[in-house]
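**Q** Chains as they are written, first to last, in our numbering: chain A, 1 to 348; chain B, 349 to 696; chain C, 697 to 1044; chain D, 1045 to 1392.
Keep in mind the hints are simulated off the structure, nothing from the lab. A virtual CB, placed ideally from N, CA and C, is assigned to each residue, including glycine. One or more of the hints may lead you astray.
Quick list of in silico lysine-lysine cross-link-like pairs, DSS-like style, CA-CA up to 27 Å [stated by the list, open to error]:
1. Lys428/B with Lys795/C
2. Lys337/A with Lys685/B
3. Lys776/C with Lys795/C
A few chain D positions that, by computed beta-carbon distances, are all more than 10 Å from chain C [stated by the list, open to error]:
4. Gly1051
5. Ala1078
6. Asp1332
7. Ser1369
Protein chains: 4
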Amino acid sequence: MTALDGGSIEMMIVMSEGATPHDVEYVLQKLAEAGGRGHVSTGDVVTVIGVMGDREVIAGLPLEAYPGVDKVLPILRPYKLVSREFRRTDTVIDVRSTKLGGTHFGLIAGPCSVESREQLMTAARMVKAAGATMLRGGAYKPRTSPYSFQGLGVEALQILAEAREETGLPIVTELMDIRQLDDVVRYADVVQIGARNMQNFYLLSAVGQVEKPVLLKRGLSATVDELLMAAEYIVKEGNTQVILCERGIRTFETATRNTLDVAAIPIIKQRSHLPVVVDPSHATGKVDLIEPLSLAAVAAGADGLLIEAHPAPETALCDGAQSQSPREFSHTAARIKDLVVWAGKTIG
Amino acid sequence: MTALDGGSIEMMIVMSEGATPHDVEYVLQKLAEAGGRGHVSTGDVVTVIGVMGDREVIAGLPLEAYPGVDKVLPILRPYKLVSREFRRTDTVIDVRSTKLGGTHFGLIAGPCSVESREQLMTAARMVKAAGATMLRGGAYKPRTSPYSFQGLGVEALQILAEAREETGLPIVTELMDIRQLDDVVRYADVVQIGARNMQNFYLLSAVGQVEKPVLLKRGLSATVDELLMAAEYIVKEGNTQVILCERGIRTFETATRNTLDVAAIPIIKQRSHLPVVVDPSHATGKVDLIEPLSLAAVAAGADGLLIEAHPAPETALCDGAQSQSPREFSHTAARIKDLVVWAGKTIG
Amino acid sequence: MTALDGGSIEMMIVMSEGATPHDVEYVLQKLAEAGGRGHVSTGDVVTVIGVMGDREVIAGLPLEAYPGVDKVLPILRPYKLVSREFRRTDTVIDVRSTKLGGTHFGLIAGPCSVESREQLMTAARMVKAAGATMLRGGAYKPRTSPYSFQGLGVEALQILAEAREETGLPIVTELMDIRQLDDVVRYADVVQIGARNMQNFYLLSAVGQVEKPVLLKRGLSATVDELLMAAEYIVKEGNTQVILCERGIRTFETATRNTLDVAAIPIIKQRSHLPVVVDPSHATGKVDLIEPLSLAAVAAGADGLLIEAHPAPETALCDGAQSQSPREFSHTAARIKDLVVWAGKTIG
Amino acid sequence: MTALDGGSIEMMIVMSEGATPHDVEYVLQKLAEAGGRGHVSTGDVVTVIGVMGDREVIAGLPLEAYPGVDKVLPILRPYKLVSREFRRTDTVIDVRSTKLGGTHFGLIAGPCSVESREQLMTAARMVKAAGATMLRGGAYKPRTSPYSFQGLGVEALQILAEAREETGLPIVTELMDIRQLDDVVRYADVVQIGARNMQNFYLLSAVGQVEKPVLLKRGLSATVDELLMAAEYIVKEGNTQVILCERGIRTFETATRNTLDVAAIPIIKQRSHLPVVVDPSHATGKVDLIEPLSLAAVAAGADGLLIEAHPAPETALCDGAQSQSPREFSHTAARIKDLVVWAGKTIG
C-alpha cells in the first residue's frame, strides 16, 4: 500500500495499449509543471496514472490530447461547495418565515403565467386555502414558438406582489434574461431559473450575487452532476440559498412530455446538502398524473413540490393541460399534506 | 358534423402538401379494397383522411408508402384485450391464495439467482419473516458477459420448490428460452419474462398458452404502449394472468443504471386493467436507492414490488450491489407495509 | 369528400372514448370564439376534430385542457418563414465573398478558444493553408465547471479581427450573453449561438435584429423541429441569414460524447431552405473521429463543416482532445475537398 | 513508479470518503482469495485500488457490494476475441465467392419479407441488376403487433434458395427462434440475428456453433460495447464469421424512427476486427433518407449496406414506407458504387 501525502486523487488517466514509457513520462512531466503529481500503476496490458494536484489547475490540462492517453476517469466529483461532504447538515431555505428543506416541506403552487390581476388573485387565494406555502406565477415566459403568449412582464411582478400582500405567501417567479434581473429581484422572494437556462452561466453568476434564494431547474438533458455543477456556479458567487428542482428529463417515451427521474431525489440528497423539489406538471404535461407523481416525490424524500394550478385551466394562456383546477388542487394538496406527516415532516 | 356509421377511426393519414387529388383517390381505393373506408377533410394546405375499417386488415396496408402520403397518425391504441376499455375492473392475480392487483399489494423478494440450497433457503426464510408475499430467484441468468455465472438451471428450480414447500411462498422465476418452458412451468408459480425478451414474440406466444401467471418486464427502451402490445401477445393466446413490471428505462443519466419511469405506473393503470409492479433494484443498480424508490412506487399506485434481497450481498454471484441485506430488507419491508396501509391497500 | 374552404387544417383533436356530444360542442364553440372552425369526424369509438383557423390564435387555446379531449395531434409544422414551403430555393450565405449553401460548401475551422495572439494567428494561417473558408475561435466560453478557463473576451475579438485582416478569412465567434452583443457584432462576420442557448429566446430575438449571419447550434436534446422553431425566432425579427448546425444529441451511448444525428442533415434540407453544417468535434469529443464523420456529413449533403483545429492540441486550454493538429487538419481538409467535388459542390 | 508484474489492471475500485482501512483490507483479502491482487493508491480524500487477476474470476466478485466501496471503473474492455487487440487484421467474410470486409464492400438488398415466389424472384433480379452482392428477405418476421403479417416460414426459405439458384446471390435471412435453427441454417448463407434478439444469449450461443456467417444487429438501446459483447458470445463458441450491423438507436428525436449512430462505424473499427454494415432503412423508417444515409455510411468507412428494396413498395406486407422501388434502388446503388470506388474499395 502506497501512502501518497500531499493531495487527493482527482482522476485516473488510463493509457492506451500502445503507449510508450516516453508517453507516460510526458504525462508525469506535464503534471509536475502544473504543480501536480502522478501515481503510476503498470499492468501487463495498460498503465494507469492517478492524478493529484490542485483541481482548478489540473482541470485545465488537455490530458486526453496527450500522446498515448486513452481516457480520463474522474474520481472526485467536480463540485465542492454544494457537496454533502462540504456541508453535512441540510440547507434550509427560510423565506418570510416559511421554510423549505430539512424537515420542512414546501408546497409551491400557482398558474403557469400571470394573465391578469383577477386571475392571479383568485389563484393565490385558492392555493393559500388548500395549504400552499408559496405562490408561483410567470411574468416572463419561455415559449418554444415565437407566436405564443410571452408574459405580462413588470405588470405581472406587481400583481404577484399584491397577491403576496393579501395572502402572505412568498412569491416564486422566473428570471429569463439578465436585463430583467433588477425587476425580478425587487419583487420576487425566490428567483427561478428555468430548465432552458440551467447552463446559462452568466445568468447563474448573476443570481449568485443577489440576496434572494434561487430555485434552479434541471435541464431537459442534464445529468444530476451537471445540475449540481450549475448550482456550484451560483454558490461560488456567495449565494448559498439554492433550491434544486427535478422536472423531468427527455427520453424516448412519448406517453408523457418528459420522464420524471424520481431517483434523482435520493441521489441529490446523498451528494448535496441543498434541498430538492419536484415539478410534476412539467415532468408529465398531464394534469391527471400530478397527484400520483406528487405523492411519489414525497415518498422518495423530496423537500417540496412545484405544482401548476389555475382557477380555470380551460381558459389558461399556457400549460392549461398540465394545470390543476381548484377542486383538483384541493384534493391533491390534502393527500400531499397527509403523506408529508407520514414521512415525518411538517408543511412549511 | 358528419356521422360515420360502421366503424371506428383507426388512424389519420396526413397527405403531403404536394399530394394530388389522384393520390387521395388512390388511398381511398386501396382502403376500399381492404374493406375499409376513408373520411376526407380537405384544408388549404393539406388533406387529412380518417381511416375506418377492420384493424387487423388496415394495419397490414403500407399506407406510408402510398404516393402523396406524408405521415400516418394512430388514433386508437393498437392493443385491445389488455386495454382498460376492454375490461373496466382491475385484473387480480391469485396465486396459492396470495393476491396481487386491485386492493392487494404483492411484495416479491429474493436473490438475483439461486446459488445453493442453503443460500436460497436462508433467503426464503428471511423474506418470509419480513413480510414478503412471493419469493423470487433465478435459475437461468441472462448475462451481458459470456464469462459470468449463468445459473444452476433445473437444480435451482427444485431448490425453489423446496423453499415454497417450507415457507408457503409462491415462487417467481425467469424463463429465458423456449427449451426451458416445461421445466419452468412445472416448478414456478409465476413465469417471469425478462426485459431483454420483452419482444421475443415466440416466447410471448408460448407463455400465452400455459396456465401460470406471467410477470412481463418492460424492455430497456420500450415505450409503455410497446409493453402493452407485448402483453397483448400473451393474452391473445388465452392467458389473461399477466403482471406488468416497470424496471427502469435507458437514458443519458449515468448516476443510476437505468431511470425508473415512475409515471409509467399511473399511465399503465389508465390504459390497462393489468396490475403493474416495480423493480427498484434493476431500475437503479444501487442498494441504497431501493427503499426510497419502493416507497415512491407505492405512493404512485403500484400493485407490488420486486426487490432483490440476499442473505449476504457481499458474497452474491450476481447483482450484489443492488441486493438488500436481511437487515436492510427488513427495514424497507416494514416501511412499505406501512405505506401500503396508508394507500388503502392490503399486503397479499 | 368534404371540401373545407377558408383555412388549413392546423391540428386534429382526438376526443377521449368517454367524451359526450356536449364536450364536442364545447370545443367547437371555443374554436368559433377564436375565429376558427372544427371539422368533426365521428367514429364508433372516438370522435376526431380537424381544427382550422389562424395559427397564432389557435395555438393559444388550451385545447388539451378542455373536457373530453384526449390529445391534440399537430398536422402542419409550427414554423413558417424557415420552411421549405415558404421558400423553395436554398438560402445561400454570402460573407466577405465566400459562400455557404446551395452548391457552395463552407469549411469553418479554428481553435475552441482564442488563447493568445500568437496561438490564434498560427491557427489562422494553418487553417487557411489547408483550405478553410472561415475561421472560428471563441472569445467567451460556456464551461460546465466554474473553475475552467472562461475566455479572453474583447481582447480575443480584436485578435480574431487581426487574423481576418491577414488571412482574409471571415470570422465566426460565439455570443453567449446579451451584454456582449455590441462587441461581438462589431468584430464578428458570423455570430454563433451555442447549443446551450438554442432556446434562449431573448438572445435569438436579439440576433434576429442584427445584420450579420447567425450560426445556430442544435441543443443537446432538441428535436429538428425545435431547432427550426428557434431559427424561426431569428428570422421573424428580420434576419434571414441563418446557418443551422448539427453537433450531436445526447443519448445513452457513452463511446462518444454525443451522438451525431447524421439523418438531421437531409431532414433539415427537406423541411427548410436554410443551410446546415456539421460540427464533428463536439459531436464526438474525439479527434480521431473527426475525419470519418466529416466525410459522412459531406456525403449526406451537409453545406459545410465546423472543425476544431489547434496549432498544438496538447497545450489547448479547452477541447484539446477533440481538436486536430496541423497535420491532421491538413489531411482531413484534403479528403473533404475531394469529396465535396465528388458531391458536385465547390468549396466556398 | 510501481511495476506490477503478473497481471493486467482490469478495473479500479474507488472507495467512498468514509471508507476505513479495515474496508480496504477486506477488499484486498477478497481479491487475494479469488487469486487476484489489489494495488492501492491512497489520496487525501479517497483511496483507489487497481485490481489485477483472472478476468473471469474477478468479474464474478460483487465488488460494489463490499463495505466502503463507492464505485468500480472498468479499465480493460470486457470482450477479448472480437477485439482489435486480439486480431489486428480485418476479418473478411467470404460467402459463395463474394466478400465483405477489409477492402471488399458488400451491398445486401431485398424486401423486408418474402411474400410470394413471384415477388421475391422479381426483387432478386432487380437487386442483382442494380449491383447488389447479396439478397436479403425475411421468412420469419418479428412484429410489434400480434395482428401483423408474421412471415411465410420454411416456404419463404425455399423461395430464397430458388432465387439464389437463379441469380447466384448469397441469401441473408433472419433467425428468430431456436426451433427454426435447422431450417434457417439449411437454406441461408448468412444467418441474421435481429435487434430484438441481440441479447438473446441462448440464440447467440446457438449460432456460435454453426458454420454459417452471422449478421448481428445492434439492439435499439445497446451500446457499441454491448454489441461487441454479444458478438463475443458467438465467437466464443467457435464461429468467427460475424458481421456487425448498425441500424439506429432509440432517442428522443421523432423525425426518424431511430437515430443512425454513424460514429459507431469508426468506433467499431477501432475496437474490433469484425466488419460493420449499416441498415439505413430501419435506422430511419423513411425511403427518401436511404440514399443520403447510405452514402454517409460509405464515407464513414462502413464495410457494407443492408437496404430494403421491393418491386412495388406500395403493396409490401411490411416496411413499405422504408423500402426503395426498383428505380430508387437502381439510382442509389449506382451512387453507392461510385463512392465505394472513391473510398478505395471494391464491390463484393
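**Q** Now look at each hint and say whether the structure bears it out.
**A** Taking the hints in turn, this is what the structure says about them:
1. Lys428/B with Lys795/C: 56 Å, violated
2. Lys337/A with Lys685/B: OK: lysine 337/A and lysine 685/B at ~20 Å, within 27 Å.
3. Lys776/C with Lys795/C: 25 Å, holds
4. Gly1051: About 26 Å separates glycine 1051/D from the closest Cβ of chain C, which puts it past 10 Å; holds.
5. Ala1078: Its Cβ never comes within 10 Å of chain C, the nearest being 28 Å, so this holds.
6. Asp1332: 7 Å, violated
7. Ser1369: Nearest chain C Cβ is 18 Å from serine 1369/D, so the label holds.
Consistency note: the structure conflicts with the earlier hints numbered 1, 6.
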